[in-house]
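Novice: Top line first, the protein sequences correspond to chains A, B, C, D, E and F. This note's numbering numbers the first residue of the first sequence as 1 and each following residue consecutively. This note's numbering numbers the first residue of the second sequence as 79 and each following residue consecutively. This note's numbering numbers the first residue of the third sequence as 157 and each following residue consecutively. This note's numbering numbers the first residue of the fourth sequence as 235 and each following residue consecutively. This note's numbering numbers the first residue of the fifth sequence as 313 and each following residue consecutively. This note's numbering numbers the first residue of the sixth sequence as 391 and each following residue consecutively.
Worth flagging that the hints you see were computed from the coordinates, not collected in a lab. There are no misleading hints in this set.
Computed from the model, here is a short list of chain A residues facing chain B with C-beta under 10 Å:
#, residue
1, PRO16
2, ALA23
3, ASN50
4, GLN57
5, ARG77
Every value quoted in this text rests on a predicted model; they were computed, and no experiment measured them. Yeah, the Cβ is synthetic: ideal placement off N, Cα and C, and Gly gets one too.
Number of protein chains: 6
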Amino acid sequence: MDTTLVPGNSLITATPEEGRQLAVKMARLVIKATQQDEAVRDKLRDVYANDASMLLQVGQVVATEFATIAAANNYWRK
Amino acid sequence: MDTTLVPGNSLITATPEEGRQLAVKMARLVIKATQQDEAVRDKLRDVYANDASMLLQVGQVVATEFATIAAANNYWRK
Amino acid sequence: MDTTLVPGNSLITATPEEGRQLAVKMARLVIKATQQDEAVRDKLRDVYANDASMLLQVGQVVATEFATIAAANNYWRK
Amino acid sequence: MDTTLVPGNSLITATPEEGRQLAVKMARLVIKATQQDEAVRDKLRDVYANDASMLLQVGQVVATEFATIAAANNYWRK
Amino acid sequence: MDTTLVPGNSLITATPEEGRQLAVKMARLVIKATQQDEAVRDKLRDVYANDASMLLQVGQVVATEFATIAAANNYWRK
Amino acid sequence: MDTTLVPGNSLITATPEEGRQLAVKMARLVIKATQQDEAVRDKLRDVYANDASMLLQVGQVVATEFATIAAANNYWRK
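Okay, chain A solo, but in the shape it has when bound (with noise of 0.2 Å):
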């Protein structure tokens, strides 16, 4: 596998919100490792950002992603 599935190879973020810009990228990594033909993946990432019910799926797979980024970094409790 070419494609780096985890970018900086850690899950510890210095923020809710770089955890939550993490989550969208890992999310998106997974589909370009499984699709690695640029040019169909920016054909179907037209096709879900266009879908009701597939950018509800987005939403679901980020949510998902991000729990395990957020338990990795206790939650940013300060």
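Following the hints, position chains B, C, D, E and F against chain A.
Specialist: Positioned in the frame of chain A, the structure of chains B, C, D, E and F alone reads:
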């Protein structure tokens, strides 16, 4: 990514009600970040708000986000 | 958001049965907040209550909400 | 809500097998509370029991309920 | 319910591999308990084994069952 | 079951990146165990790699597997 993904950059809220509102907002912001055209989002929102299965998908996403926020707040136990 | 999302503003309940009822209510309130027209909600409720796959979706959402509420109550262990 | 949602009003069971049975029952009781007409439920049960994708949905719901029950019982570790 | 739902009536396994096999079996046993006609199950198994989306559903169910089994075994940490 | 389901028979990895790769592999091995005909799997892989909704399903499965692996590794905290 220009869209703010975590309002207030914190998962900590004073009450369960505020935690639930944060879950709803965080779910919406992922959709906003994925589909940045407001007119398209308005149209798609009208689609999922009038579709029984998609409303249940909304419920699933919010439930997942809320699980993380509730854990972050130690379930607001006193 | 005018809809109350967490009845009683607490995840703590006296019993598992009450926790389960809270899970059902919280799931419904997210749908209410997303589709605020009562007539539309009644129509859509009739749709999902008569569709096998959507009833299973209801079950999935309630199971997810209940997981959070059960953890909040330390599973009502004595 | 007149339907009992948690049989015995407890998540504690003597064994994993009983915990699994409770998961199946709790999943069914949410459906019962949502669709209270027994004749309709029987018809819909016939639908999902003969549909591969819906049987997998049943599996997903039970897996989610069981996760909560297993945690409540400390996984029946001895 | 006559179908055994948890083989060996325990979530504890010697290794991750055995835990994963248990996850697959537990997922199948819920389907067996829901559709008790073996001929129908064989036909439906042929359906989902040849459908990309349903195979991914299988993966989702097994992942969820495995999460519980892995936690029960403290992740087989040494 | 002849297919190995957990490569190396361990959930412990040196880094998040390796943990993520393990999540992807474990997800694929369940599909392999369910559909053992390689030619069919290749055909179905081509289906889901070119379908936006199924790619999101892949993302959901991997996110769920990764949650378990990340917990097993205490999130690779130092």
